[in-house]
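**Q** Chains as they are written, first to last, in the working numbering: chain P, 90 to 238; chain A, 322 to 882.
Since the hints were derived computationally from the structure, they do not count as laboratory data. Ideal Cβ placement from N, Cα and C applies to all residues, glycine included. Don't take every hint at face value.
[As the list claims (entries may be wrong)] Simulated restraints on C-beta separations: (1) 191(P) x 368(A): 45 to 55 angstroms; (2) 191(P) x 598(A): 50 to 60 angstroms; (3) 822(A) x 191(P): 28 to 38 angstroms; (4) 168(P) x 448(A): 17 to 27 angstroms; (5) 765(A) x 171(P): 29 to 39 angstroms; (6) 191(P) x 363(A): 40 to 50 angstroms.
[Said to hold, decoys possible] A partial selection of chain A residues facing chain P, derived with a Cβ cut-off under 10 angstroms: (7) 443; (8) 450; (9) 457; (10) 693; (11) 768; (12) 771; (13) 801; (14) 803; (15) 878; (16) 879.
Listed below are the residues making up each chain.
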Amino acid sequence: MNDTTFRPRVLVTKIGLDGHDRGSRIVAAACRDAGMEVIYTPPWQSIAAVVKLSLEEDVDVIGISSLATDHLIVPRLMQALRDAGLGHITVVVGGIVPDNEERDLLDAGVREVFHPGSTMDEITARLAGYAREARAAGELSPVEPGGAR
Amino acid sequence: MNKPLAPAIVADPAADAEARWQHDYQADIGTDRPLHNVSGIPVAPLYGPADWAAYGQSEPLGYPGQPDYTRGIYATMHRGRTWTQRQLIGLGTPADYNARLRGIMARGATAVSLIPCNSVYRGFDMTSVEPELLGTCGVVVNNADHMARCLEGVDVGEISCAMNDPSPFTLLAFMLVAAERRGIDWKKISGTSNQSDYISHFVANHMFYRLALPGARRVLLDHIVWCQQNVPRWNPMSVVGQHMQQAGATPAEAMAFTLSTAVQNAEDCMRRGMDPDQFLPRFTFFFDISLSFFEEIAKFRAGRRIWARLARERLGAKDPKSWRFKFHGQTSGVDLTRQQPLNNIARVTAQAMAGIFGGLQSLHTDSYDEVFSTPSESAARIAVATQNILREEAHLTDVIDPLGGSFYVEAMTDRMEEKILAVMAEVDAAGGMFRAVESGLVQRMIGASAMRFQERIESGDQVIVGVNAYRADDDATTRPVVERPDVAAMRRHLDEFVAWKGERSPGAVDAALDGLSRAAGDEHGNVFGAVVDAARAGLTNEEICGRLRRDLGVGEPLAVV
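Turn these sequences into a full structure, and let the hints guide you.
**A** What follows is the structure in structure tokens.
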């Protein structure tokens with residue numbers, strides 16, 4: 090992988106029931122301004138739709154914005170990604186996540202939870218690093234049809 | 322005869338005094354950083370009579386309760402009746418809600434609210450969503466029986482109930498059916514359909530996409546017409562600026578978009594043949610109160626007098642009740658921080674003061690822990706106590722419009738008025754609010770403002786205590802451990818619902834669905850009347866929303882970055 094041509098591919102989306110999208114829009118714009126390839130969706134995506142889009146768009150990182158408890162179904166997303174053979178994709182969550190539930194997300198495989206007050210510089214720098222790792226992991230073990238790895 | 326005291330000060334000519342102040346100010350300040358408020362209006366270091374002249378001299382500041390209502394919509398304002406303390410409640414099952422409702426009523430509340438689960442907002446029943454999410458943001462109400470359980474032991478003819486109930490207003494339908502079963506006269510029922518403003522939802526993407534824009538527009542008008550005839554004390558139209566400001570609109574933009582929405586809805590009603598004095602007295606407004614203290618006060622004072630003029634001159638209303646800008650304010654959650662969360666109590670206090678000085682009629686103060694979850698009981702009590710302290714101990718309500726006549730506040734009210742009118746002119750040029758949101762114009766303006774605000778924070782231009790300045794080690798013990806609704810109780814609620822659905826007669830369900838379709842397909846039919854009939858016949862939230870989505874079109878969000 091050539092460092093100068095590496096462009097992280099990031100999916101910024103919201104799953105579940107809530108539509109507060111100020112954060113996801115700002116993060117998507119910040120990632121785009123930082124030189125990433127951003128795939129952005131409106132809120133209310135199903136988990137299946139996120140998995141499909143991640144595969145089709147060959148993303149390195151998925152950023153889930155959750156302001157109103159939708160983070161509670163992120164463990165389902167993690168399982169669905171593994172089932173689809175997309176376990177190398179790094180998933181981060183941003184928004185309102187209580188301490189005690191952050192632990193559950195990390196245990197489920199979420200790489201990091203960004204809380205209110207995180208700066209765009211912090212977020213984009215971390216995402217770029219995660220994307221690099223994910224891309225390397227993905228190249229080591231390409232996705233097999235049927236999702237087996 | 323005694324000599325007058327301090328003749329030197331009195332004798333000093335004003336012009337000379339001003340020049341000397343200018344000189345001393347420039348000499349002492351060094352580099353004077355130009356300041357702007359969030360709406361982009363320059364903020365001078367000092368205001369005097371000349372700054373107020375533009376408005377103040379040509380049209381003297383009037384009196385409360387008299388047009389143009391700059392100083393308040395009622396003669397007595399908060400000195401007479403303060404404001405309604407309306408805290409949001411709703412979590413878990415209907416039984417959970419009922420227990421909390423009775424608790425706050427036992428402590429004297431007469432105005433209540435009902436916040437449904439996000440699954441309800443989205444037009445689903447609990448059988449269609451991940452069980453982890455049920456009841457985590459509001460109460461799970463899927464049919465009239467659930468609503469009856471929510472309101473058990475509560476005389477709905479005696480309280481005022483604000484329900485977060487977007488189009489097609491299934492929650493109000495469930496409540497009316499529950500009231501009817503108990504023999505409560507609908508004419509006695511009062512309250513507000515919060516979130517009836519489909520435009521704000523479409524713009525700010527907040528809670529729902531049940532119906533496509535044209536269908537949502539039609540159902541709102543049916544709702545206004547039907548309520549006027551059947552539930553005359555109900556406020557069917559709450560015009561919402563809060564979503565748009567939370568989504569990033571500046572205070573001036575939020576006020577402008579809200580007033581443009583009100584004009585859109587009013588003109589739609591008039592095209593239906595309604596007289597503005599029939600429906601405008603039942604229009605209410607709902608705003609965000611941010612921490613930009615003087616800007617918010619000016620926003621409300623300016624909005625109030627713009628509305629009075631719009632209602633009278635543009636909409637042709639003759640009844641002063643139609644000119645009065647009645648509004649509910651909610652302190653801004655976006656301003657609260659996760660870092661050092663107890664600091665949020667100070668933020669909410671300042672926000673609440675801005676709303677009170679702005680002349681609000683109803684107030685929700687956020688709990689300091691709303692950056693973690695829906696409020697805990699103890700934090701919600703502090704939020705209510707904040708209002709009581711401001712009123713009873715700080716005496717903020719003793720004098721009407723106490724900041725009226727402040728050179729700064731009056732000048733900023735004028736500047737905000739200009740800014741609001743300029744944004745409204747942009748919306749008008751785009752064909753009115755409906756067209757301006759359909760095309761994404763308003764969404765793009767809000768997105769740009771959200772980005773500008775974020776840049777102000779990241780550059781340190783806007784200091785946020787504990788976030789980009791005055792940081793301190795975070796004390797994790799001040800962060801609440803969030804508890805979710807009891808899983809077993811929610812499971813029982815779900816099982817009972819599934820069993821109940823299975824016992825219904827399929828013929829009756831189909832007949833009720835046909836009734837909805839008939840109303841939707843007949844331009845003279847009233848869709849909301851059909852929703853009430855469907856609720857009475859035992860249809861669920863998802864069945865009603867699903868059928869109307871099929872017949873009136875599904876709303877799809879715009880993706881605007």
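**Q** Each of the hints needs a verdict: does it hold here or not?
**A** Hints versus structure:
1. 191(P) x 368(A): 45 to 55 angstroms: 47 angstroms, holds
2. 191(P) x 598(A): 50 to 60 angstroms: 54 angstroms, holds
3. 822(A) x 191(P): 28 to 38 angstroms: 37 angstroms, holds
4. 168(P) x 448(A): 17 to 27 angstroms: 21 angstroms, holds
5. 765(A) x 171(P): 29 to 39 angstroms: 38 angstroms, holds
6. 191(P) x 363(A): 40 to 50 angstroms: 42 angstroms, holds
7. 443: 5 angstroms, holds
8. 450: It holds, given that the least Cβ distance between residue 450(A) and chain P is near 7 angstroms, below 10 angstroms.
9. 457: Interface hint status for residue 457(A): holds (4 angstroms vs cutoff 10 angstroms).
10. 693: Interface hint status for residue 693(A): holds (5 angstroms vs cutoff 10 angstroms).
11. 768: Where the cut-off is 10 angstroms and the nearest Cβ of chain P is about 6 angstroms from residue 768(A), the hint holds.
12. 771: With a closest approach of 5 angstroms, the residue 771(A) hint holds.
13. 801: 7 angstroms, holds
14. 803: Interface hint status for residue 803(A): holds (4 angstroms vs cutoff 10 angstroms).
15. 878: With Cβ-Cβ at 4 angstroms, under 10 angstroms, it holds.
16. 879: 7 angstroms, holds
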